[in-house]
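2 protein chains.
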Amino acid sequence: MMRTGFQRVARLIHHKALPRTPHLLPRLHQASAFGSSTDSLVARFCPEKTDLKDYALPNASWSPDMLSLYQEFLEKTKSGRWIKLPSFKSNREHIQGFKLPSGLVAASDKQDWRIFTRCIQLEGQGYEYVIFFNPSEKKSVCLFQPGPYLEGPPGFAHGGSLAAMMDETFSKTAYLAGEGLFTLSLNVRFKNLIPVGSLAVLDIQVEKIEDQKLYMSCIAQSRDKQTVYAKSSGVFLQLQLEEESSEQQ
Amino acid sequence: MMRTGFQRVARLIHHKALPRTPHLLPRLHQASAFGSSTDSLVARFCPEKTDLKDYALPNASWSPDMLSLYQEFLEKTKSGRWIKLPSFKSNREHIQGFKLPSGLVAASDKQDWRIFTRCIQLEGQGYEYVIFFNPSEKKSVCLFQPGPYLEGPPGFAHGGSLAAMMDETFSKTAYLAGEGLFTLSLNVRFKNLIPVGSLAVLDIQVEKIEDQKLYMSCIAQSRDKQTVYAKSSGVFLQLQLEEESSEQQ
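Note that the protein sequences, when read in sequence, are chains A and B. Reminder that position 238 of the first sequence reads as 238 in the UniProt record's numbering, one-by-one numbering, no gaps. Reminder that position 129 of the second sequence reads as 129 in the UniProt record's numbering, one-by-one numbering, no gaps.
I should point out that these hints are in silico values taken from the structure, not numbers from a laboratory. Note that the coordinates shown come from a computational prediction; the quantities given were computed from them, not determined experimentally. There could be a bad hint or two in this list.
To be verified - In the DSBU-like style, the derived pairs of lysine-lysine whose C-alpha atoms are separated by at most 30 Å in a straight line are:
id : chain 1 : residue 1 : chain 2 : residue 2
1  : A       : 89        : B       : 231
2  : A       : 231       : B       : 139
3  : A       : 139       : B       : 191
4  : B       : 191       : A       : 89
5  : A       : 99        : A       : 208
Please model the complete structure; the sequences and the hints are all you need to start from.
This is the structure:
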């Protein structure tokens, strides 16, 4: 079950057997594979009307710093240059009507699925974050406030919680900027610890899209940019989701 | 508050101003700084008698694969070559009587602190894992079973959840093998997705200890080693914890 789809594609890419040979990807037609416009991807990802709970909205746990920067970016969305991304409980809700490429289907059951960065639903205890995306400049900003359930060294956020936040922000950016679907690599250089409860601002930029891969960079720092928490890079594999109805494919 | 201790040391190291100049680390005396034996570190970390709850024990959510491999490693602990590490709710409990180096003190309050990889206490829903450590060979094995709250792509573990699990296993290994205290870098190359509920086995090895840094590698794969999920490397900074009583320092 696992040895098709992403695995085969990713393996080929990893082993550099497929630098520029799209014929080895039988399910993808290079000319049309990544033809979805950012507009249509955003429309799919950010439904205007939905009953789904959006977890990327202010709550009582947000610090004044987090809240005021959120308001600043919300103001910027009015011009249309920036978009506030909704954040549902599971990626299943973000891609309703679509599914992973053929072969990438895990056993399904009636579990209570949650996207990792929304695994803790107690306000302020775990991940508090909101992502803003700028389609024309292919960049994102994530406002991240780690709670006490994300602890590593006493009083500070776990390095892994920041790495996961970076991966998640890369993931959403990669998808909207060019159908980036799976992380191929994530490299993080940690500079300073983030005190629990304080605000880290993650600036993500798509650096290039080449050979079916999106290359991104991230810097996480304090709002005043005086303290760099970490820098990272991420590479994502472009793959198209399939429509749910195309079961026979 | 944040611009001392780890930050200064890490910054100097990052900027390569301090390749081999221990005099720039006034609080550390190179000759004695990392003199704690692995035995004494293990004794500190794994109290023989404690009332603290150990989360690294089998529960009803563990798969037969996870359970049988756990039993195999538990058997190996009898020879003394392998040690099963306990896993408490917070790192605060692992380092009782000690604190982070001077200057690295975050605002403290009466919050419900949890180490990130124990943030979800519902059995089977989040992180299920146990780490075994081999002191003489400076290596570890982590048995990791991601639950449905760790989802990324529908049905599969979030890449960030695996990155965090790697960081956490590196962290415990680095501390016990040589007082590695803070992640300086974490590089992950993802190969295949981990289906939620299945077992990933992480093999960690300390590759070298040099210039106050521990270099480690990790491979995460299925139990039968037929599927590699990811490979990673991690670099940790060696720093000594301070005794709680030495407030005046």
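Now for the hints, and whether the structure bears them out:
A distance of roughly 28 Å separates the Cα atoms of residue 89/A and residue 231/B; the hinted pair therefore holds under the 30 Å criterion. For a cut-off of 30 Å, the pair hint linking residue 231/A to residue 139/B stands: about 28 Å separates their Cα positions. Taking the CA atoms of residue 139/A and residue 191/B, the gap is near 26 Å; set against the 30 Å cutoff, the hint holds. A C-alpha spacing of about 26 Å is found between residue 191/B and residue 89/A, which places the hinted pair at or below 30 Å, so the restraint holds.
This hinted pair checks out: residue 99/A and residue 208/A have alpha carbons roughly 26 Å apart, not beyond 30 Å.
The structure is consistent with each of the numbered hints, conforming to all of them.
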